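Whenever a hint applies, use it, and build me the whole structure from the sequences.
Here is how the chains run, residue by residue.
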Amino acid sequence: SAVISQKPSRDICQRGTSLTIQCQVDSQVTMMFWYRQQPGQSLTLIATANQGSEATYESGFVIDKFPISRPNLTFSTLTVSNMSPEDSSIYLCSGTSGGSYNEQFFGPGTRLTVL
Amino acid sequence: DAKTTQPPSMDCAEGRAANLPCNHSTISGNEYVYWYRQIHSQGPQYIIHGLKNNETNEMASLIITEDRKSSTLILPHATLRDTAVYYCIVRVYSSGNTPLVFGKGTRLSVIA
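Protein chains in written order, with our numbering: chain A, 1 to 115; chain B, 116 to 227.
Simulated from the structure, these hints should not be mistaken for lab results.
Take these hints with a grain of salt, some might be off.
Capping the alpha-carbon separation at 25 Å, the derived lysine to aspartate or glutamate pairs in DMTMM-like fashion look like this [unchecked claim]:
id: 1; chain 1: B; residue 1: K219; chain 2: B; residue 2: D126
id: 2; chain 1: B; residue 1: K118; chain 2: A; residue 2: E103
id: 3; chain 1: B; residue 1: K219; chain 2: B; residue 2: E129
id: 4; chain 1: B; residue 1: K167; chain 2: A; residue 2: D87
id: 5; chain 1: B; residue 1: K219; chain 2: A; residue 2: E103
id: 6; chain 1: B; residue 1: K219; chain 2: A; residue 2: D26
id: 7; chain 1: B; residue 1: K219; chain 2: A; residue 2: E86
id: 8; chain 1: B; residue 1: K219; chain 2: A; residue 2: E54
id: 9; chain 1: B; residue 1: K118; chain 2: B; residue 2: E129
id: 10; chain 1: B; residue 1: K118; chain 2: B; residue 2: E181
It should be emphasised that the depicted structure is a prediction, and the values quoted were computed from it without experimental measurement.
In structure tokens:
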């Protein structure tokens, strides 16, 4: 399966600032997704990153707060805008290759702390 | 996608088999059962999946009941490195357009 890397792996930010997280896949993937995992919780889907077009957001997530780009088949970014302490979470990038059993694989996550 | 029910936590002695149950009583005929696990501070990792037949790979075995309303993931010889949160997910087999939807999972603690 493909390998996903994320940058940064962790960061500590001040409230009101923004952070852009990069996701790089080592091979082409069909779909890319972004998840959030709040402390002690399960993963929640933020959005589907669409190549060359606007991302598709899940209920409760909006583009102004979480702008997403996907300029090609192997790269995507998620920005967490105007951060507050409630945004402290792990943000995970994920992709599917559309292979024989549609395995969905995940990056290591970006641990964000907002002070 | 159908919902799943898993016990919140389980313990297992090192070297013994870990049997993790999952209830998916509303599963549809075209939905597969997937198992993932998340070791602390890592992204989720695929373990195994199945439709109606029992499946086995190098990591685990998946036993699906005949009515497909429940399944059991079996780690035959649990080690300390198997300590993780295990997620049972059902979803329609597709081209990969449908993202996984995670429930709360089962936190498995393997004890020495």
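Against the structure, the hints come out as follows:
no.: 1; hint: K219(B) - D126(B); result: holds, 17 Å
no.: 2; hint: K118(B) - E103(A); result: holds, 19 Å
no.: 3; hint: K219(B) - E129(B); result: holds, 24 Å
no.: 4; hint: K167(B) - D87(A); result: violated, 40 Å
no.: 5; hint: K219(B) - E103(A); result: holds, 20 Å
no.: 6; hint: K219(B) - D26(A); result: violated, 30 Å
no.: 7; hint: K219(B) - E86(A); result: holds, 20 Å
no.: 8; hint: K219(B) - E54(A); result: violated, 30 Å
no.: 9; hint: K118(B) - E129(B); result: violated, 30 Å
no.: 10; hint: K118(B) - E181(B); result: holds, 18 Å
Of the numbered hints listed earlier, those contradicted by the structure are 4, 6, 8 and 9.
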